[in-house]
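S.K.: Using the sequences provided together with the hints, build the complete structure.
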Amino acid sequence: MTDNKLTNIAAADLLANCQQLKNEGYHIMQICSVRTTDGYELTYSFGLDYAMVNLRLIISTDEEIMSISNIFSPAFLYENEIRELFGVKIQMINVDYKGNLYHIAVKTPFKN
Amino acid sequence: MAIRSIVPFGPQHPVLPEPIHLDLVLEDEKVVEAIPSIGFIHRGLEKLVEKKDFVEYVYVAERVCGICSFMHGMGYCEAIEHTMGIEIPERAKYLRTIWSEMSRIHSHMMWLGLLADGFGFESLFMESWRIREKILDMFEYSTGGRVIFSVNKIGGQRKDMPNDMIADFAGILNGMEKEIRSLSHTFLNDYAVKSRLEGVGFLTKQQAHDLGAVGPFMRASGISLDTRKTGYAAYSHLEFEPIISTVGDSYARTDVRIHEIFQSIDLIRQAASKIPAGDVAVPFKGNPTGEYLMRVEQPRGEAIYYVKGNGTKNLDRFRLRTPTFANIPGLVETLKGCQLADVPILILTIDPCISCTER
Numbered sequence: 394m395t396d397n398k399l400t401n402i403a404a405a406d407l408l409a410n411c412q413q414l415k416n417e418g419y420h421i422m423q424i425c426s427v428r429t430t431d432g433y434e435l436t437y438s439f440g441l442d443y444a445m446v447n448l449r450l451i452i453s454t455d456e457e458i459m460s461i462s463n464i465f466s467p468a469f470l471y472e473n474e475i476r477e478l479f480g481v482k483i484q485m486i487n488v489d490y491k492g493n494l495y496h497i498a499v500k501t502p503f504k505n
Numbered sequence: 017m018a019i020r021s022i023v024p025f026g027p028q029h030p031v032l033p034e035p036i037h038l039d040l041v042l043e044d045e046k047v048v049e050a051i052p053s054i055g056f057i058h059r060g061l062e063k064l065v066e067k068k069d070f071v072e073y074v075y076v077a078e079r080v081c082g083i084c085s086f087m088h089g090m091g092y093c094e095a096i097e098h099t100m101g102i103e104i105p106e107r108a109k110y111l112r113t114i115w116s117e118m119s120r121i122h123s124h125m126m127w128l129g130l131l132a133d134g135f136g137f138e139s140l141f142m143e144s145w146r147i148r149e150k151i152l153d154m155f156e157y158s159t160g161g162r163v164i165f166s167v168n169k170i171g172g173q174r175k176d177m178p179n180d181m182i183a184d185f186a187g188i189l190n191g192m193e194k195e196i197r198s199l200s201h202t203f204l205n206d207y208a209v210k211s212r213l214e215g216v217g218f219l220t221k222q223q224a225h226d227l228g229a230v231g232p233f234m235r236a237s238g239i240s241l242d243t244r245k246t247g248y249a250a251y252s253h254l255e256f257e258p259i260i261s262t263v264g265d266s267y268a269r270t271d272v273r274i275h276e277i278f279q280s281i282d283l284i285r286q287a288a289s290k291i292p293a294g295d296v297a298v299p300f301k302g303n304p305t306g307e308y309l310m311r312v313e314q315p316r317g318e319a320i321y322y323v324k325g326n327g328t329k330n331l332d333r334f335r336l337r338t339p340t341f342a343n344i345p346g347l348v349e350t351l352k353g354c355q356l357a358d359v360p361i362l363i364l365t366i367d368p369c370i371s372c373t374e375r
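Sequences listed follow chains A and L, in order.
Here this note's numbering is used: position 78 in the first sequence is 471, and no number is missing along the way.
Here this note's numbering is used: position 88 in the second sequence is 104, and no number is missing along the way.
There could be a bad hint or two in this list.
Here chain L is said to cover these stretches of chain A; the calculated rule only asks that three of the stretch's residues, wherever they fall, bring their Cβ under 8 Å from a Cβ of chain L [as the list claims (entries may be wrong)]:
1) 439–445
2) 488–497
Which chain A residues stay away from chain L? Per the calculated CB distances, all over 10 Å, these [what the hints assert, rightly or not]:
3) ALA405
4) ALA409
5) ASN410
6) HIS420
7) ILE451
8) SER453
9) GLU456
10) ILE458
11) SER466
12) PRO467
Hints are computed from structural coordinates only; laboratory data are not their basis.
Note that the Cβ used here is the ideal one computed from N, Cα and C, for glycine as well.
M.R.: Printed below as a string of structure tokens:
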């Protein structure tokens with residue numbers, strides 16, 4: 394995928410993996426969502442110096458995941474974004490815009 | 017006892033070229049909290065990748081922003097080239113480097129002008145933009161455009177720069193360097209300028225790291241990282257080190273950007289002296305499969321380009337994490353504790369590009 398490390402994980406392991414990376418000194422770089430036939434593919438990227446590691450999560454359309462913003466506070470922007478554009482269900486975002494981060498006329502425009 | 021109030025800042029404000037909104041929670045004149053809001057000009061350009069041929073999409077990627085247009089086109093092309101295993105000619109790599117550094121000078125000069133305008137030093141603003149015009153002229157001579165250049169393509173460059181043009185540019189940059197040194201003396205030493213920038217809007221090294229800050233905003237807090245050191249384009253052949261400051265205030269951000277202008281001039285000179293002869297593009301066949309994350313150091317910081325192909329001419333996904341998006345949490349942190357009158361300058365010191373952020 395990239396010159397950097399990619400690890401596939403289960404949704405239930407997301408927070409534990411994030412906490413592990415936080416303990417190792419990584420910071421959040423981005424969260425990328427890709428629509429798949431029956432769900433989403435989420436890639437969480439973390440950086441430390443020039444290194445980048447990625448956690449890959451495959452979830453179904455209706456599956457709910459936990460926010461990582463209590464571990465990596467800047468994640469709130471990425472999580473609000475993918476929730477509004479893709480409709481990914483994310484719980485407990487530390488700054489929750491409740492669908493008002495983007496002032497867009499179409500609901501979840503990247504979902505279909 | 018301090019009076020607590022909420023002041024809406026933006027999306028329309030004289031200091032903002034583009035719309036961003038902040039709810040500022042104040043205690044008297046002191047900001048205690050800032051809640052950002054974006055999305056007033058969201059265009060959905062990423063979604064367009066599903067409708068456009070991946071070759072044509074280069075021109076859409078370039079239109080994400082009018083300042084970093086060259087680098088957006090280049091970042092997208094490099095991501096696609098990695099997924100398809102395309103090795104572009106050495107000359108094309110050097111051309112990408114030269115045009116990238118011209119973009120950085122152009123962007124930083126524009127920012128210096130906007131900063132001067134922000135604190136009301138109009139002659140400094142005009143002088144910054146007068147010098148910047150020369151870079152735009154160089155873009156026009158070499159690409160035919162002043163905002164959108166359309167010289168990137170998958171597999172290399174659409175246009176070459178003759179060697180005598182590159183030599184002419186080196187001469188123009190010599191003259192510009194003298195003018196910018198004179199200008200930077202005012203930015204870095206004038207009492208009125210320093211009084212608006214020094215000691216305002218601190219971001220510590222630890223905060224910059226934890227909040228995922230990028231670019232000059234991060235380097236001004238003492239983190240010595242510059243994505244160009246990863247060696248894309250021709251940067252692996254050039255000598256340079258990240259420019260940093262350990263102070264972390266608004267003055268440090270100005271200082272870092274000014275020195276990055278001189279660094280860019282030096283990098284163009286190095287590239288001009290080393291650029292090899294040869295083709296500027298290679299042909300390719302097929303459609304992209306697989307995915308790639310490409311990182312590029314734009315004037316405002318690291319941008320991340322993600323592409324995912326499916327073997328057809330349309331990609332499944334193109335995503336762009338822009339530097340301004342990454343710098344918003346850091347901006348919110350610097351605003352805490354500042355005076356209301358300093359908010360416009362502090363917003364400017366991250367060099368916000370809302371077009372990029374909204375894409």
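S.K.: Against each hint, give a clear statement of whether it holds in the structure.
M.R.: To see whether the hints hold, each was checked on the structure:
{"no.": "1", "hint": "439–445", "verdict": "holds (count 4)"}
{"no.": "2", "hint": "488–497", "verdict": "holds (count 7)"}
{"no.": "3", "hint": "ALA405", "verdict": "holds (24 Å)"}
{"no.": "4", "hint": "ALA409", "verdict": "holds (20 Å)"}
{"no.": "5", "hint": "ASN410", "verdict": "holds (17 Å)"}
{"no.": "6", "hint": "HIS420", "verdict": "violated (5 Å)"}
{"no.": "7", "hint": "ILE451", "verdict": "holds (14 Å)"}
{"no.": "8", "hint": "SER453", "verdict": "holds (18 Å)"}
{"no.": "9", "hint": "GLU456", "verdict": "holds (19 Å)"}
{"no.": "10", "hint": "ILE458", "verdict": "holds (18 Å)"}
{"no.": "11", "hint": "SER466", "verdict": "violated (7 Å)"}
{"no.": "12", "hint": "PRO467", "verdict": "violated (4 Å)"}
Consistency with the previously given hints fails for numbers 6, 11, 12, ordered from lowest to highest.
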